[in-house]
Amino acid sequence: DQQVKQNSPSLSVQEGRISILNCDYTNSMFDYFLWYKKYPAEGPTFLISISSIKDKNEDGRFTVFLNKSAKHLSLHIVPSQPGDSAVYFCAASGTSYDKVIFGPGTSLSVIP
Amino acid sequence: GAVVSQHPSWVICKSGTSVKIECRSLDFQATTMFWYRQFPKQSLMLMATSNEGSKATYEQGVEKDKFLINHASLTLSTLTVTSAHPEDSSFYICSAKRGGYGYTFGSGTRLTVV
Chain A
465 DQQVKQNSPS LSVQEGRISI LNCDYTNSMF DYFLWYKKYP AEGPTFLISI
515 SSIKDKNEDG RFTVFLNKSA KHLSLHIVPS QPGDSAVYFC AASGTSYDKV
565 IFGPGTSLSV IP
Chain B
8 GAVVSQHPSW VICKSGTSVK IECRSLDFQA TTMFWYRQFP KQSLMLMATS
58 NEGSKATYEQ GVEKDKFLIN HASLTLSTLT VTSAHPEDSS FYICSAKRGG
108 YGYTFGSGTR LTVV
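Protein chains in written order, with our numbering: chain A, 465 to 576; chain B, 8 to 121.
These are calculated hints, taken from the structure and not from any lab test. In this text the structure is predicted, and so the values were computed from the model without any measurement. Careful, some of the hints might be misleading.
With a cut-off of at most 30 Å between alpha-carbon atoms, the simulated DSS-like pairs for lysine-lysine come out as follows [stated by the list, open to error]: (1) B/21 to B/73; (2) A/532 to B/73; (3) B/71 to A/469; (4) A/520 to A/469; (5) B/48 to B/71; (6) B/21 to A/469; (7) B/71 to A/520; (8) A/520 to B/27; (9) B/48 to A/501; (10) A/501 to A/532; (11) B/21 to B/71; (12) A/532 to A/520; (13) B/48 to B/104; (14) B/104 to B/73; (15) A/518 to B/21; (16) A/532 to B/48; (17) A/469 to B/104; (18) B/21 to A/535; (19) B/73 to A/535; (20) A/518 to B/104; (21) B/62 to B/104.
Which residues of chain A face chain B? A partial, calculated answer using Cβ under 8 Å [claimed, not checked]: (22) 498; (23) 510; (24) 565; (25) 569; (26) 573; (27) 576.
Quick reminder that beta carbons are idealized off the backbone N, C-alpha and C, glycines included.
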């Protein structure tokens, strides 16, 4: 039973345009959500997070939106750059649920 | 700050032998560390939660006698893959949580069992 879902295994975007990566979750105990970027044979790198008390968090080109009622979050990257090409993992945890559970990932390709 | 070092970065071992992977928090103390594994083109699957000074908590389906976890100090957790078989070949990653920094991951260990 997959608690964190990323239904798009891959996404291609033109350089300079917006990349939107989506994530859905099922466990209502989750109250903290994270996005990680990962290159092959490397550990994940933290990008941005959001607490359930917020619906938006922005850091430079990265913005995460959270819709608690829909159990949905999304990561927006604007403008997309070729260096953003990687696998992006959505992850979730909770204050009373310390484990971080990862989604299956979305492979983003930014085309120059 | 909040650096996690994982060693070795890759290892090849013969079937039936044991392999130890180390995860160190370099500039902070981590009472809890997490071990993940990732198969090619799949997500990171949580294997176990490593607790300093106590037994690890394993996820359902993970054999605790095969994947031995020791968290003897606040800066070191080890994962030992015992009697490794080719199906244990995978990418193993540890992480630690530090207050204010969230979760930091090691660089991972590529295990190949031949």
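Status of the hints after comparison with the structure:
Under the criterion of a C-alpha separation no larger than 30 Å, the hint pairing residue 21 of chain B with residue 73 of chain B is consistent with the structure, at around 16 Å. Note on residue 532 of chain A and residue 73 of chain B: the hinted pairing is violated, with a Cα-Cα distance of about 39 Å set against a maximum of 30 Å. Note on residue 71 of chain B and residue 469 of chain A: the hinted pairing holds, with a Cα-Cα distance of about 27 Å set against a maximum of 30 Å. Note on residue 520 of chain A and residue 469 of chain A: the hinted pairing holds, with a Cα-Cα distance of about 19 Å set against a maximum of 30 Å.
For the proposed pair residue 48 of chain B and residue 71 of chain B, the alpha carbon gap of about 25 Å is at most 30 Å, so the pair holds. Straight-line distance between C-alpha atoms of residue 21 of chain B and residue 469 of chain A comes to about 36 Å, which puts the hinted pair past the 30 Å bound. About 39 Å separates the Cα atoms of residue 71 of chain B and residue 520 of chain A, which puts this hinted pair outside 30 Å; it is violated. Between residue 520 of chain A and residue 27 of chain B the alpha-carbon distance is near 41 Å, which puts this suggested pair outside the 30 Å criterion.
With a CA separation close to 14 Å, the supplied pair residue 48 of chain B and residue 501 of chain A stays within the 30 Å bound. Note on residue 501 of chain A and residue 532 of chain A: the hinted pairing holds, with a Cα-Cα distance of about 23 Å set against a maximum of 30 Å. Our distance criterion of 30 Å between C-alpha atoms is met by residue 21 of chain B and residue 71 of chain B, whose separation comes to about 21 Å. In summary, the hint linking residue 532 of chain A to residue 520 of chain A is supported, as the alpha carbons are separated by about 11 Å, within the 30 Å threshold.
The suggested pairing of residue 48 of chain B with residue 104 of chain B holds, with an alpha-carbon distance near 25 Å, which does not exceed 30 Å. This hinted pair checks out: residue 104 of chain B and residue 73 of chain B have alpha carbons roughly 25 Å apart, not beyond 30 Å. In summary, the hint linking residue 518 of chain A to residue 21 of chain B is not supported, as the alpha carbons are separated by about 50 Å, beyond the 30 Å threshold. About 29 Å separates the Cα atoms of residue 532 of chain A and residue 48 of chain B, which keeps this hinted pair within 30 Å; it holds.
About 23 Å separates the Cα atoms of residue 469 of chain A and residue 104 of chain B, which keeps this hinted pair within 30 Å; it holds. Distance restraint check for residue 21 of chain B and residue 535 of chain A: the Cα-Cα separation of roughly 45 Å exceeds the 30 Å cut-off, and the hinted pair is therefore not satisfied. Simply put, residue 73 of chain B and residue 535 of chain A have alpha-carbon atoms about 36 Å apart, too far for the 30 Å limit, and the pair is violated. For the given pair, residue 518 of chain A sits about 21 Å from residue 104 of chain B by alpha-carbon distance, which is consistent with the 30 Å threshold.
At roughly 18 Å between alpha-carbon atoms, residue 62 of chain B and residue 104 of chain B fall within 30 Å of each other, so this suggested pair holds. Using the Cβ-Cβ criterion of 8 Å, the hint placing residue 498 of chain A at the interface with chain B is satisfied: the shortest such distance is roughly 7 Å. Because the closest C-beta pair between residue 510 of chain A and chain B is about 6 Å apart, less than 8 Å, the hint holds. Interface restraint check for residue 565 of chain A: the shortest CB-CB distance to chain B comes to about 7 Å, inside 8 Å, so the restraint holds.
The beta carbon of residue 569 of chain A comes within 6 Å of a beta carbon in chain B, closer than 8 Å, and the hint placing it at the interface holds. Among the interface hints, the one on residue 573 of chain A is violated; its C-beta lies about 15 Å from the nearest C-beta in chain B, farther than the 8 Å criterion. A hinted interface residue such as residue 576 of chain A counts as satisfied when its beta carbon comes closer than 8 Å to some beta carbon of chain B; here the least separation is about 24 Å, so the hint is violated.
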